[in-house]
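Peer 1: Each chain, written out:
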Amino acid sequence: GAVVSQHPSRVICKSGTSVKIECRSLDFQATTMFWYRQFPKQSLMLMATSNEGSKATYEQGVEKDKFLINHASLTLSTLTVTSAHPEDSSFYICSAMSGGHFTDTQYFGPGTRLTVL
Amino acid sequence: AQKITQTQPGMFVQEKEAVTLDCTYDTSDQSYGLFWYKQPSSGEMIFLIYQGSYDEQNATEGRYSLNFQKARKSANLVISASQLGDSAMYFCAMRENAGGTSYGKLTFGQGTILTVHP
Numbered sequence: 001g002a003v004v005s006q007h008p009s010r011v012i013c014k015s016g017t018s019v020k021i022e023c024r025s026l027d028f029q030a031t032t033m034f035w036y037r038q039f040p041k042q043s044l045m046l047m048a049t050s051n052e053g054s055k056a057t058y059e060q061g062v063e064k065d066k067f068l069i070n071h072a073s074l075t076l077s078t079l080t081v082t083s084a085h086p087e088d089s090s091f092y093i094c095s096a097m098s099g100g101h102f103t104d105t106q107y108f109g110p111g112t113r114l115t116v117l
Numbered sequence: 001a002q003k004i005t006q007t008q009p010g011m012f013v014q015e016k017e018a019v020t021l022d023c024t025y026d027t028s029d030q031s032y033g034l035f036w037y038k039q040p041s042s043g044e045m046i047f048l049i050y051q052g053s054y055d056e057q058n059a060t061e062g063r064y065s066l067n068f069q070k071a072r073k074s075a076n077l078v079i080s081a082s083q084l085g086d087s088a089m090y091f092c093a094m095r096e097n098a099g100g101t102s103y104g105k106l107t108f109g110q111g112t113i114l115t116v117h118p
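So the sequences go chain by chain: A and B. 81 is the number that this note's numbering gives to position 81 of the first sequence; each next residue is one higher, with no gaps. 112 is the number that this note's numbering gives to position 112 of the second sequence; each next residue is one higher, with no gaps.
Simulated from the structure, these hints should not be mistaken for laboratory data. Predicted model only: the values in this text are computed from it and were never measured.
Once the Cα atoms are required to be at most 25 Å apart in a straight line, the calculated DSS-like pairs of lysine-lysine come out as: (1) Lys41/A / Lys105/B; (2) Lys3/B / Lys41/A; (3) Lys105/B / Lys64/A; (4) Lys55/A / Lys105/B; (5) Lys105/B / Lys3/B.
Please work from the sequences and hints to get the whole structure.
Peer 2: Now the structure itself:
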């Protein structure tokens, strides 16, 4: 299957700082990337959908100014958590797909565990 | 209403036995796709198997098979010959066509934690 990397895998930061998480598709061009948030032992919650070269589409209740998403190329999307607070501590996971058909598979990165002190 | 329902929070199976993880879905679309992912304790989401709404045959991938019952809107995952490494959280997910406006979004169930005993 296709490979998606995510960096960093783990980050600890102080409250008020910003954290950037990178998501890369290594062996395919990702027309669409997705960012999810997951709390322990819970399901994945979609935060936003990003298409290369256009603004991300955020899910209801997700603050656009808090979670900045940039999809600058067909292989890279970034999520920046601005002015992070302890309640932003979570597991963030991205996925990528090369098409938009309902048969296309989303491939996931390994996730980033964010801890805000 | 829940679009994807996984009613088993936890399941236990003996090594080498088969296990079925339940998944029911709700959609008015004719075109949709159903996916199963495995999430070990490391956190990565591993794609296991896919079933399209128009596929007449049940999907199979190695030890994984999908018992697709369209009329009942169920897409159960069957794992044969369980191994200790199968212990993980399993998620069922659906992508609807939504008239071409879904942009590939997946809707996930709540997950089932599978524990394989030696």
